[in-house]
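Participant: Using the hints, put the two standalone chains together into the complex.
Chains V and C, in that order, give the protein sequences. Each residue of the first sequence is one higher than the one before, starting from -13 at the first, in our numbering. Each residue of the second sequence is one higher than the one before, starting from 8 at the first, in our numbering.
In short, the hints are calculated from the structure, not lab data. Be aware that a few hints might be false.
Each computed DSBU-like pair below joins lysine-lysine, with the alpha-carbon atoms no more than 35 Å apart [unchecked claim]: (1) C:K38 to V:K8; (2) C:K60 to V:K69; (3) V:K17 to C:K38; (4) V:K8 to C:K301.
Among chain V residues calculated to face chain C with C-beta under 10 Å, some are [unchecked claim]: (5) T62; (6) G65; (7) G84; (8) A93; (9) V111.
No residue lacks a Cβ here, since even glycine has one placed at the ideal position from N, Cα and C.
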Amino acid sequence: MNYGKTSKHASYDERVKRLSPKSEKPMSLLKAFAVGGGICLLGQLIRDAGLVLELEEDAAALLSTFSLVFLSALLTGLGVYDKLGRFAGAGSIVPITGFANSMVSPAMEFKREGYITGVGAKMFVIAGPVLVYGISSSVLVGLIYFFLRIAFKG
Amino acid sequence: MSVSSKRRGRQSYLLPSKPRVKSFAAIAGKKEGEGPLRGLFDIVIADDTLGEKSWERAESRMLEDVIRLCLEKKELSPESVDAFLGGDLLNQIVSASFAARQLGVPFLGLYGACSTMAESLLIGSMLIDGGFAQNVVCATCSHFSTAERQYRFPLEMGSVRPPYAQWTVTGAGATALTAEQGYPIAIESLTLGAVVDYNQNDENNMGAAMAPAAADTLRSHLAEMNRGADYYDLIVTGDLGRVGQALFEELCAEHGIELGGRYLDCGSEIFAPEQNLYSGGSGCGCSALVLNGKLLKEMERGERRRMLFMATGALLSPTTTLQGESIPGIAHAVSLEVC
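Isolated chain C, as found in the complex (with noise of 0.2 Å):
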């Protein structure tokens, strides 16, 4: 099949051979396993160093463990994996490649800030498409220990931030996808974003910042795939929170997109408002945590047919904040469907 055929407009594609989703597993931390999803998770960290001796390390590991766990459950071995795509918020993408360095699977870093889990499926499907792998493993993770210390002030200072803030999650999922067919859930199509930046400011709004961009990534996907969105069972996004889920229902409601009662955020998913972490969570490892933990087992259980899971990332660094640049967003969209 040529290129051509598999494009869809600018930004969309299709999968033909349909590249199925083999195997999923998520680590959740403690806060993350008291949330709305407690009970959904394969794992709940009780001890966030995870007994490692930095919270670097206990991040790293965290990736490591959810990716073994997941080739475990389907007995796949880290020899039978082609390659590992996955990144995280650490500077350098550390956590990734110093799982990928104890894994000893071909590795691809990759850098969407949290975005990062759709962006792993979105290339993983497409070497699986090309005819380029047989398995892959997608995969992210954050802390939000390491966060905080790299992006905002140490853990044990009492600051205080505003109510739209939010909380980066502790946790780390992976999907693994193969070539095989004989598995219920499929990835069909894809769209990749576009950087959207409306010039905000304030890092503690990432919401607002990454809002536009999934609009901007639904409104290309639906025209392209020359879909409504009333084609999907549900439409998620990664880690908006509760202030920009408001603001991408605003913009999706002036671009004509109804999302009805079809539409969920995982940052406003992961925890409940009682828990008090401010606007939701954030980080890599929200929207992989509700992939994995929930959204998946419910396509697994047929409860969902189709899905649209677009993974959303705020393009910032501590550096760049500090120089006044505004905030660019970004979000990819993945679309599974049951076969």
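Looking at chain V on its own, in the form it has when it is part of the complex (with noise of 0.2 Å):
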């Protein structure tokens, strides 16, 4: 039950804000973003490498993806990843590496509950929600597209 805020409750929340420590800001965004550009850096570099492999455009795109969650993968096994995620917050959260971490951590974790009710239910239960909202958003913008594509065309 919520009781509804009393003005204890409001004077109690100003003492709790005053008194509990912040996040340091211009720390964290600087390592989220040094973190977080570095992994978008060698994705960019493992393209390139693909594109002159003489690899076309799309599958240079897609080793660059690979590599980067088999790398994240390999990571989180290894129980680095989550040193990094304290240390650069959504700078290793948001790309795609962030997301096979959210994977592969509790297909990790669950596995003593067994393969099905453990790691088969359990695998997605940070990342559903992304996927769920990722591609029903994307449905929805195309078809957006889909009908103003028909209503400029005539």
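Facilitator: Right, here's the structure in full:
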């Protein structure tokens, strides 16, 4: 039950706010930018390397994605990615490597509850919402695009 | 003696027979063993799986081990224990009931979240004072890795927490109480905590949710026992952490309670700020380790003569948090003295 805020609660909220330490914003932003940017740079380098090896543009992009996902899964398994996450925050959560980490880590965690009811059921516990809303919104945007094109081409 | 003569006010009780602390033991995890309390624990576990196949089994083993150790110290057999009172943080308090299965001791499972150490001492000393039991063992535990997977994220997930969050303690503590006299530390009075909710919704800031409950219990205890805070050498809260501790101190000052230098919080005590574990420790094991590793030893040596031990609990579940409920807090007080 939520009791609704009384004035006592409101003044306590202010007290809590005053006494709770804040995240160091400039430093967090800098770390996130450096690590997130580094991951993206690595992706770009792999893609360029693919192009140098005369892969087609699509194939080079896939090579880059696959490599990053593989590296993230490997580092998660080795117990490194969580430490990177604590350091870099959104810098390592937002890129595709963060997505891979959010699937590999529950898969590892819930192995003891079995391959079906553990790994299978819990693997998408973090990534699931991203998929649901990512796919839903891309369908929505696709539909808007489709109708706009009909409207403007007449 | 009639109930009314033991009761003091609405929440407090005097224990005329003064149940004694017969034995105590503490088993700590690696980080806890490297903190400010290093060297004070009976065992520091190097491998936090304890060689078991799951974290849950490891936690339960730790609890079983600490109880056996506590009993062995005073050559008590499990058969001579009339009741094991305890609980933990896991769903359906499995660590405690699975440990009870191994021990074969009559068992009362308790859930008071991180207030369980005080709750078990409270009920245990009442059983003894009421003449229902000769020996009881009060014990609780928590494990970082089981708490994480139940309350938060998978261990290997790279997530960020706010600096006011707390770190679940890996550790277990047990205290054996007895009706026999002749042991130096006694439980002389108790205050049952009431649930207090100041409408806090941030599950990362449990210290803020629990501090009002601790202040409420302390105020009731002092008023009903007709004491000032200076009656005690030390007043202890369970796991408020550095944020909750600061809030508690302000609330006490507002109630006109002068804590002075005689206050410590187990959550702030267990880890050093340099260990970089946010605002301190939490979990049932937090106050259990500080009590059974440090404080009871200090009393045994006579360095502290009167101590009020108040373990604090945040009575939330992952479900209630998701449903947007506020976090109710509780604190139980146990007054210990050197006879």
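Participant: All the hints need checking, so say for each whether the structure fits it.
Facilitator: Cross-check of the supplied hints:
A hinted pair counts as satisfied when its Cα atoms are at most 35 Å apart, and C:K38 with V:K8 qualifies at roughly 24 Å. Only pairs whose Cα atoms come within 35 Å are accepted, and C:K60 paired with V:K69 is accepted, the gap being roughly 24 Å. Between V:K17 and C:K38, the direct Cα distance comes to roughly 26 Å. Compliance with the 35 Å bound is thereby established for this hinted pair. For the suggested pair V:K8 and C:K301, the alpha carbons sit about 32 Å apart, so the restraint of at most 35 Å is met.
For V:T62, the suggested interface contact is upheld, since its CB lies about 5 Å from the closest CB of chain C, less than 10 Å. This hint holds: V:G65 has a C-beta 6 Å from the nearest C-beta of chain C, less than the 10 Å allowed. Hint status for V:G84 relative to chain C: holds, with the closest Cβ pair at about 7 Å, below 10 Å. Because the smallest distance between the Cβ of V:A93 and any Cβ of chain C comes to about 8 Å, under 10 Å, the interface hint for this residue holds.
Taken as an interface hint, V:V111 checks out: its beta carbon lies about 8 Å from the nearest beta carbon of chain C, inside 10 Å.
In this structure, none of the earlier numbered hints is contradicted; all agree with it.
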